Amino acid sequence: SQTIHQWPATLVQPVGSPLSLECTVEGTSNPNLYWYRQAAGRGLQLLFYSVGIGQISSEVPQNLSASRPQDRQFILSSKKLLLSDSGFYLCAWSGYSGNTIYFGEGSWLTVV
Amino acid sequence: GESVGLHLPTLSVQEGDNSIINCAYSNSASDYFIWYKQESGKGPQFIIDIRSNMDKRQGQRVTVLLNKTVKHLSLQIAATQPGDSAVYFCAESHGSSNTGKLIFGQGTTLQVKP
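Taken in order, these protein sequences are the chains called G and R.
For the first sequence, this note's numbering assigns the number 1 to the initial residue and increments by one for each residue that follows.
For the second sequence, this note's numbering assigns the number 1001 to the initial residue and increments by one for each residue that follows.
For the record, the hints were derived by calculation from the structure and aren't laboratory data.
One or more hints might be untrue.
[What the hints assert, rightly or not] For each label pair, taking beta carbons as the anchor points, the in silico distance ranges come out as:
hint, chain 1, residue 1, chain 2, residue 2, range
1, R, K1113, G, S57, 38 to 46 Å
2, R, G1016, G, Q2, 30 to 38 Å
3, G, S65, R, N1053, 36 to 44 Å
4, G, S77, R, N1067, 36 to 44 Å
5, R, A1079, G, L82, 44 to 52 Å
6, G, S57, R, G1041, 37 to 45 Å
7, R, N1018, G, K80, 48 to 56 Å
8, R, G1016, G, E59, 40 to 48 Å
9, G, P69, R, E1039, 29 to 37 Å
10, G, S17, R, I1020, 44 to 52 Å
11, R, K1056, G, Q2, 24 to 32 Å
12, G, P61, R, K1113, 39 to 47 Å
13, R, T1069, G, D71, 20 to 28 Å
No experiment lies behind these values; they were computed from the predicted model shown.
We treat Cβ as the ideally placed atom computed from N, Cα and C, and that holds for glycine.
Using the sequences provided together with the hints, build the complete structure.
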């Protein structure tokens, strides 16, 4: 069966510091991968998605970037965090044909 | 523009009663719909999905109803249990895209009273 892991689960970072959140998927090949952010108001905002290695699409302009160095690895990064980057970040995957998206357990980021 | 929204932000039900969570969508081209359950501090969990060629689909204690005429989606939970307390999201997508990008509603909080 497929599983998705993301880490760290919680992170407290000072403003201006870098960020790296990692996500890996197991049990499937060539998945579509996603990064979502969920602010305190509960809505899920799609940040990035990737349909293959090195292929990244950004949905919203922001202080973050994403990379996919391997088929089942997706990384969310920032060079300098802002207070507004605080939130709950969710990695997700779907099969190549898309549609149903399965989420990881999330990473809580607090920028102080 | 596209939007998926929920009629009620919070729903409170008695344990054992049936729950109905509603969702409206605005894009008539949407052909795939999903319900997710999100418990506090966790990622959303897939509950049930439905394609636009169906108007009803049943799972274990859950039923999704789709009314394409009025662009309305609902999730029915039978014999609601305390473990059902969570935020429920509906989401929709277009089959023409293989990226699987979903548009999410804002969520309804379900509170189950013992």
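Hints and how they fare:
no., hint, result
1, R:K1113 <-> G:S57: 38 to 46 Å, "holds, 44 Å"
2, R:G1016 <-> G:Q2: 30 to 38 Å, "holds, 34 Å"
3, G:S65 <-> R:N1053: 36 to 44 Å, "holds, 39 Å"
4, G:S77 <-> R:N1067: 36 to 44 Å, "holds, 43 Å"
5, R:A1079 <-> G:L82: 44 to 52 Å, "holds, 46 Å"
6, G:S57 <-> R:G1041: 37 to 45 Å, "violated, 28 Å"
7, R:N1018 <-> G:K80: 48 to 56 Å, "holds, 50 Å"
8, R:G1016 <-> G:E59: 40 to 48 Å, "holds, 42 Å"
9, G:P69 <-> R:E1039: 29 to 37 Å, "holds, 31 Å"
10, G:S17 <-> R:I1020: 44 to 52 Å, "holds, 46 Å"
11, R:K1056 <-> G:Q2: 24 to 32 Å, "holds, 28 Å"
12, G:P61 <-> R:K1113: 39 to 47 Å, "holds, 43 Å"
13, R:T1069 <-> G:D71: 20 to 28 Å, "violated, 42 Å"
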